[in-house]
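Respectively, the protein sequence lines represent chains A and B. Under the numbering used here, think of the first position of the first sequence as 1, with each following residue one higher. Under the numbering used here, think of the first position of the second sequence as 1, with each following residue one higher.
Keep in mind that the hints were calculated from the coordinates and are not lab data. Hints may be right or wrong, so weigh each one.
Said to hold, decoys possible - No farther apart than 20 Å at their CA atoms in a straight line, the calculated lysine to any residue pairs in the SDA-like style are these: (1) Lys-247/B to Phe-57/A; (2) Lys-247/B to Glu-64/A; (3) Lys-247/B to Pro-143/A; (4) Lys-247/B to Lys-121/A; (5) Lys-65/B to Glu-216/B; (6) Lys-247/B to Gln-140/A; (7) Lys-247/B to Glu-60/A; (8) Lys-247/B to Glu-216/B; (9) Lys-247/B to Gly-56/A; (10) Lys-121/A to Leu-30/A.
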Amino acid sequence: MLIGDRKQQSYEPRIVAFLCNWCAYAGADLAGTQRLSYPPNVRVIRLMCSGRVDPGFIIEAFLEGADGVIVAGCHPGECHYEHGNRLAERRMTTLQHLLGFIGIEQARVRLAWVSAAEGRKFAQLIETTVEEVRALGPFQQFPRRAP
Amino acid sequence: MSLPQVLDRHLRDLFGSGRVNSVLGAIPTRGPLGMAQLARTPEEVERFTLSPLACPNLLVHLTSKEARLDPTRFPLAVLARGCETRMLNQIFSEHGLRRDQVYVVGLAHCPGAIDPRRLSAQLPVLRGFPEATIEGEEVVIREESGELARLARTELVLERCRHCQNHEPLIDDYRFDLVEEADWIEPVSVDEDPGVEAIDAMIPIERWAYWRSQLERCIRCHACRDACPLCYCENCILERHTPCWVKRSVNLPENTAYQLLRVMHLVGRCTACGECERACPVDLPLGLMMRKMENLVREYYGHRSGLDPSGEHLLSIFDPRDTTATARLEQ
Numbered sequence: 001m002l003i004g005d006r007k008q009q010s011y012e013p014r015i016v017a018f019l020c021n022w023c024a025y026a027g028a029d030l031a032g033t034q035r036l037s038y039p040p041n042v043r044v045i046r047l048m049c050s051g052r053v054d055p056g057f058i059i060e061a062f063l064e065g066a067d068g069v070i071v072a073g074c075h076p077g078e079c080h081y082e083h084g085n086r087l088a089e090r091r092m093t094t095l096q097h098l099l100g101f102i103g104i105e106q107a108r109v110r111l112a113w114v115s116a117a118e119g120r121k122f123a124q125l126i127e128t129t130v131e132e133v134r135a136l137g138p139f140q141q142f143p144r145r146a147p
Numbered sequence: 001m002s003l004p005q006v007l008d009r010h011l012r013d014l015f016g017s018g019r020v021n022s023v024l025g026a027i028p029t030r031g032p033l034g035m036a037q038l039a040r041t042p043e044e045v046e047r048f049t050l051s052p053l054a055c056p057n058l059l060v061h062l063t064s065k066e067a068r069l070d071p072t073r074f075p076l077a078v079l080a081r082g083c084e085t086r087m088l089n090q091i092f093s094e095h096g097l098r099r100d101q102v103y104v105v106g107l108a109h110c111p112g113a114i115d116p117r118r119l120s121a122q123l124p125v126l127r128g129f130p131e132a133t134i135e136g137e138e139v140v141i142r143e144e145s146g147e148l149a150r151l152a153r154t155e156l157v158l159e160r161c162r163h164c165q166n167h168e169p170l171i172d173d174y175r176f177d178l179v180e181e182a183d184w185i186e187p188v189s190v191d192e193d194p195g196v197e198a199i200d201a202m203i204p205i206e207r208w209a210y211w212r213s214q215l216e217r218c219i220r221c222h223a224c225r226d227a228c229p230l231c232y233c234e235n236c237i238l239e240r241h242t243p244c245w246v247k248r249s250v251n252l253p254e255n256t257a258y259q260l261l262r263v264m265h266l267v268g269r270c271t272a273c274g275e276c277e278r279a280c281p282v283d284l285p286l287g288l289m290m291r292k293m294e295n296l297v298r299e300y301y302g303h304r305s306g307l308d309p310s311g312e313h314l315l316s317i318f319d320p321r322d323t324t325a326t327a328r329l330e331q
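Just need the whole structure built from these sequences, with the hints factored in.
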C-alpha cells in the first residue's frame with residue numbers, strides 16, 4: 001500500500017480519479033510538466049472519454065477502498081467524441097443523488113471539467129477534493145475490507 | 001369471480017379471430033393475493049378475475065426469460081391497468097417488445113389494487129378464496145361464508161396506487177371500465193411522498209444507519225430483479241462472472257452494491273410500480289429508492305418514463321440545460 005497504515009492517526013484519503021484521455025489527463029500531465037505540486041493521494045485511471053465511466057466503476061471503487069472518486073472530462077461542447085461528457089453528466093448526477101439518498105456524503109463523488117490547458121485547475125481540484133474527503137474521514141459505509 | 005360477460009366474450013373472440021395466441025390475466029389464489037396466468041385456450045379465460053386482490057404486475061411475463069424462450073405465446077393480449085400500460089410504453093420505447101406483439105386490453109377507471117401485506121395486517125386470517133370489491137372509499141372483503149370486513153380504500157391499496165397518476169390506460173386496443181364512475185378517484189399530488197421526504201430530511205449518518213439496517217437483511221434472492229418487467233437483459237450484470245461487478249457473497253458491501261447497480265440500471269426507465277418492493281421476501285423498502293430516483297429525474301430533467309412510446313432513454317441523451325443540474329452538483 002502506497003499510503004501507510006490507515007489506523008494510524010494521520011489519515012490519508014485515497015482518491016480514484018477517472019480522467020478522459022483528451023482533456024483531463026492532458027491537464028494532469030500539464031500540471032506535472034508545470035511542476036505544480038498537489039497531494040499524492042490520487043490514483044489516476046485514464047479512459048478515452050468521461051462518457052466511458054459506468055456508474056458501476058464508481059461503486060467498485062468504493063467497494064475496493066476508495067474514500068472519494070473524481071470523474072473529470074472535457075468542458076461541455078469540447079468533447080472529443082462530441083457529447084460523451086454530457087452523457088457522463090447525467091449519469092454522475094443521478095448516481096450522486098442515489099448515493100446521497102443512502103447516506104454517502106456528496107463530496108465523495110465529484111464531477112469536474114478540466115481542459116488540456118488547465119494544469120492549475122487540475123491541481124486545485126485534487127487539493128480541494130482531498131481536503132474535503134479528509135474532513136469526512138475514511139469511507140466506512142460499504143468497503144469490502146474494513147478501513 | 002370470473003370476468004364480466006362483455007370482456008369474457010371479447011377475449012374469446014380474440015382467440016376465435018386468431019388475433020392472439022394467448023391472454024395474460026390474473027387468477028384468484030388462496031389468501032390475499034392474485035396470481036398471473038397465461039390462457040392459451042378460450043376456456044381458460046373463465047378463470048380470470050378483475051379483483052383488486054390481484055395486485056402483481058403481470059408484464060414480467062411478457063419480458064421474462066420464459067417469454068423469450070416461448071415465442072408462441074405472442075401475439076398476446078394482456079389485461080393492463082393504467083400503471084401497466086405506462087410500463088408497456090416504456091418497454092416499447094426501448095424496443096423490448098414490438099407494439100404488434102401485444103394486444104392491450106386497457107382496464108380504465110382503476111381504483112387501485114390491494115396490498116396483501118396491508119390486508120394481512122388488518123385481517124390476519126383469510127380462509128379459502130377471498131373476494132374484494134371496491135365500493136367508493138370502502139373495500140368490502142368477502143369470504144365464502146359471507147361479508148368479512150369493510151375497510152378504508154386508501155389504507156389498503158398498494159403504495160404505488162397511493163401515488164398513482166395513471167388511473168386510465170395510456171394505450172389500449174380495447175377498453176373496459178373497472179368502475180362506472182371515476183370522479184371519486186382522487187388525484188394524489190406527485191410531490192407528496194412522506195417516505196422519501198423523511199429520508200431526505202435526515203443527515204447522511206442517519207440515512208446510512210437506516211439503509212444499513214435494511215440492506216443487512218437482504219438475502220440476495222434476486223426476487224426484486226426477477227419481478228421487475230423492465231429487468232430483462234439477456235445477460236444480467238448482477239449474475240455475470242467475467243467481469244464480476246458484484247460478488248455473490250451475502251454481506252453488507254455486496255448487498256449495497258447489488259442494489260445500487262440494480263437501481264442505476266433502472267434510472268429513467270423505472271415507472272415506480274413498486275413491484276420490487278412487493279416481491280421482496282424480507283420487506284426491504286426498495287420502492288423508496290425507486291420513487292426517489294423517479295422524483296429526481298422529473299425534477300432535474302422533466303423526464304417521466306413510459307409516457308412517450310417513442311421516447312429515448314434518459315441516460316443516452318442530453319439537453320443543453322443539464323449544466324444547471326451539474327452546477328448544483330459541483331458547488
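Going down the list of hints, with the structure as the test:
no., hint, in the structure
1, Lys-247/B to Phe-57/A, "holds, 14 Å"
2, Lys-247/B to Glu-64/A, "holds, 12 Å"
3, Lys-247/B to Pro-143/A, "holds, 13 Å"
4, Lys-247/B to Lys-121/A, "violated, 38 Å"
5, Lys-65/B to Glu-216/B, "violated, 29 Å"
6, Lys-247/B to Gln-140/A, "holds, 19 Å"
7, Lys-247/B to Glu-60/A, "holds, 11 Å"
8, Lys-247/B to Glu-216/B, "holds, 15 Å"
9, Lys-247/B to Gly-56/A, "holds, 13 Å"
10, Lys-121/A to Leu-30/A, "holds, 10 Å"
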